[in-house]
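There are 2 protein chains.
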Amino acid sequence: MKQLKKYIDANRQRFVDELIEYLRFPSVSAQSAHKKDIADCARWLAGHAKSLGLRSRVHRTGGHPIVTAETPRRRNSAKPHFLVYGHYDVQPPEPLELWDSPPFEPTLRGRSLFARGASDNKGQHFAHLKAVEAYLKTGTELPCDLTFVVEGEEEVGGEALVEFLKQNKRELQCDGVVVSDTGMPDLKHPALTYALRGVAALEVKLTGPDRDLHSGIYGGSVENPAMALSKMLGRMINKNGSINVPGFYDDVIKLTAYERRQLARVPYSEAKYKKLLGVKALFGEKGFTPNEQRAARPTFEINGLTSGYQGEGSKTIVPSAASAKITMRLVPDQKPQKILRLVAKQLKALCPPTMRIEVDLGHAADPYIVSPTGPLAKAALKSLEASFGHEPVLLREGGSIPIVEHFSRILKVDTYLLGLALPDDNLHSPNEKMDLEVFTRGIWMSANLWTNLAEA
Amino acid sequence: MKQLKKYIDANRQRFVDELIEYLRFPSVSAQSAHKKDIADCARWLAGHAKSLGLRSRVHRTGGHPIVTAETPRRRNSAKPHFLVYGHYDVQPPEPLELWDSPPFEPTLRGRSLFARGASDNKGQHFAHLKAVEAYLKTGTELPCDLTFVVEGEEEVGGEALVEFLKQNKRELQCDGVVVSDTGMPDLKHPALTYALRGVAALEVKLTGPDRDLHSGIYGGSVENPAMALSKMLGRMINKNGSINVPGFYDDVIKLTAYERRQLARVPYSEAKYKKLLGVKALFGEKGFTPNEQRAARPTFEINGLTSGYQGEGSKTIVPSAASAKITMRLVPDQKPQKILRLVAKQLKALCPPTMRIEVDLGHAADPYIVSPTGPLAKAALKSLEASFGHEPVLLREGGSIPIVEHFSRILKVDTYLLGLALPDDNLHSPNEKMDLEVFTRGIWMSANLWTNLAEA
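Just so you know, the protein sequences line up as chains A and B, in that order. Here the numbering used here is used: the first residue of the first sequence is 219, the next is one more, and so on. Here the numbering used here is used: the first residue of the second sequence is 219, the next is one more, and so on.
Calculated directly from the structure, the hints in this document are not laboratory data.
Below, a sample of chain B positions facing chain A; criterion: calculated Cβ distance under 10 Å:
#, residue
1, 431
2, 453
3, 494
4, 510
5, 521
Distance condition first, Cα-Cα at most 30 Å in a straight line; then the derived DSS-like pairs of lysine-lysine:
#, chain 1, residue 1, chain 2, residue 2
6, A, 566, B, 490
7, A, 596, A, 297
8, B, 566, A, 493
9, B, 493, A, 563
10, B, 457, A, 423
11, B, 533, A, 457
12, A, 492, B, 566
13, B, 533, A, 533
14, B, 600, B, 630
15, A, 423, B, 498
16, B, 268, B, 387
17, A, 472, B, 533
18, B, 253, A, 533
19, A, 533, B, 490
20, A, 533, B, 457
21, A, 504, B, 423
22, A, 533, B, 556
23, A, 533, B, 423
Simulated restraints, written as ranges between beta carbons of each label pair:
#, chain 1, residue 1, chain 2, residue 2, range
24, A, 406, B, 429, 27 to 35 Å
25, A, 646, B, 505, 53 to 61 Å
26, B, 429, A, 253, 29 to 37 Å
27, B, 555, A, 456, 31 to 39 Å
The beta carbon of each residue, even a glycine, is placed where N, CA and C say it ideally should be.
Please construct the entire structure, taking both the sequences and the accompanying hints into account.
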């Protein structure tokens, strides 16, 4: 490992120069004008990996190409096999006038390299590639086989990767997936994200009268659907912030004392958090901290309300109908289909006899968790600590990350999320940057990771 | 009175022919293409009144003209003076394809005369004019002085009448206004409408976070404005259907036993009413009948709900804000401004500390009531009974009628609403009609009315 460290330190500047080269490609997947840039970027990456000694390929897909790069390996290698996932496509850079330097002319200011895609995600997966380079160029035997899978449609939710995983299931069979595409609180808090919330969507509609009624002529003798819906929805959340649906929490795995201690280590300031969200006061399920509430507890969220007249001024009607769009965030081991069934049942139970009710079930995604005390997770934590010099924190992510679900469903394998983005990296915003201290430590973390994972 | 009755019976057919002539004018106030038809119609009416011996005038206004016609009177007449209000403008006839006969070619089928404006309102005020004709042509002394005020902007809510009343306040000073522009349940239930509900409007908006938030990243730690609004609104109506605002009912004049008995005489079938509104079940304030709930009790109605995403599919956000448009129907002696103040106060009291609240007060109109046991009301009831041969019912109207408010505010005078429209007269709809039995009985009722009112 000493040799590796020496190599990484010695080549630090060149690594940054190469990253700058990589960042010059305006690989904006959402804009068809950049189709050629996308293809050029994929070819450059494959070529670069090949120059390091990896067996790389650019795979054509129905959309943008996928780049794979495999470390050299023996036939029937007995080494563990890991996938490293990343994406070379980037968000559109607009509005351009808000950038302090052009988004595709990477610019160094202080410790930060500014460019679209710097942190999301080129800089993050490039760090892993540079760690592999260190092994290969120093003649250090890689204790595991690695396959990089770098796609070009992450920012547009493309289907190419799903198809690719299905078609190459056998070749991609592995012991785990490593993804650096999430965040870390700061340099003193490197992070392993070990759980994601799932989601389940539905829409509920109440219909009272078969048309909008004159509120003067009929108002008072007929129930108002907007009022009936308000009463129903209001009863879905208890005073203590919990969700009033029988059976809703039955499958929730309790947070362990260890997890709660770890989540409590994540830096948090209520004042800053309130300011960030622009709220007067916070509110969440009683008995849980905000960090737990927003990542480790399920939610029942009204995303939209619609009823009656919404234009200027007023219209004196009893509206015919009222509806709400609802999504629930779910935590392990809640099952979206079961939750949808329970919530629909409760909505129907709360519906007054004056109303016809329709409940339309929508999209759903399973929650995800990998044990933070399993051997591979421990190996990841060890690598983070070795590289950043601080005990890592364990994070849970409140949203879903579709690729994690894909790897789990198609390859039946766990994903380890070792995010290298800082909160102020401006992902998806103007002046996106990569902190080069994080970048270098990330390379060193990755070098440690392959050894630690192989030993786990 | 016998002579009058004889004259009316003898001239029945001619009265209908004249009404047909009046109905041929497509006096559609909403459509500028009919500006000339409106003017022609006004001139015809003034000419017709003059031919009967009234002193008639067509008054130019900022909009469509107003026709007045005064019965011949002595200077410094000591007779009581009543106004008869009507409007010669009509609703647009569209959609034309739904009419069984052209809207401006009055067509007799059975006892019904079909034409736009037949019942709303030409037929109704024309009946009063024909009653006056009977007095004048039979040489019977009219026991009161009458001024017809027939406007051309009722269907477009024009301001011409308000201006006219203000400018001619002195000449229009009177002992009461008679308006036939409401309804009666059927021929066995002639009706006096003696009370109207008022209205008060407001809009309430809750703001939580200062922008829509990602429901995955933040959901659970911040209160959802759509949920907060639902909870608040849900608490505004009690389980028994009453309104949960301290002081809301303080000024409500209790229904007398006589009023409740009278309202109970109005024909009503729950099955038919439910079918009419297209509702599964009725709901209203406990302890009151549907007829009372929709006309004699105040309401709190949500007219519109707005929050977050309302497009196709779903959007996983915690919306920044949620708002509701609300109107209250008020009954005598509630004061709109006081009610608005009380409701705004209650909304603010129910608002959780997580939300910023804005309450915007909107338009308001006073409720209206004239004692159904006063001498003029009794005279009106007596006239209805004499003409229709059945004890009249007392009605309250759930909506407001702006002209009643204008007469009350500007002329400081009560209005007696003696509606001659049947429920199936298709007001504002295709195949509008006037029942000619009602028309003839209406003329006879009016003839009785002037005598009875003068004696009261």
